[in-house]
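Undergrad: Take these sequences, add in the hints, and give me the full structure.
Taken in order, the sequence shown gives residues 14 to 101; the numbers are from the numbering used here.
If you're looking for bench data, these hints aren't it; they were derived computationally from the structure.
There are no misleading hints in this set.
DSSO-like cross-link-like pairs, simulated, lysine-lysine; straight-line CA separation at most 27 angstroms:
1) K21 with K54
2) K55 with K21
3) K55 with K23
4) K54 with K23
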Amino acid sequence: MYWQSAQKVKEIAWSATQRHCRDMDLQMLDGYIAFSSFALKKDNRSQWHIARTYLFEFSSTGAERYNGNISMLGRRVQSIQLDPHRIQ
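TA: Here you go:
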């Protein structure tokens with residue numbers, strides 16, 4: 014059951030990352046996100062959830078690689094952060 018739930022969260026994170034990169038006119042590289050860390054955290058209603066962070070790489074020019082991460086709290090996206098990168 015945990016594994017299925019973790020896979021669903023990763024799928025949500027992957028889709029959100031793809032969408033964010035597309036909206037920012039960036040290319041998500043390698044087509045995957047890599048699990049980085051987890052912790053237990055409370056949401057704004059004081060309910061406990063698993064907070065997960067995933068890493069990914071993206072490009073703005075097609076020639077250079079940059080790092081990004083997406084933070085999830087339960088099944089909700091908390092933030093997507095991108096390293097400073099060139100803008101075309």
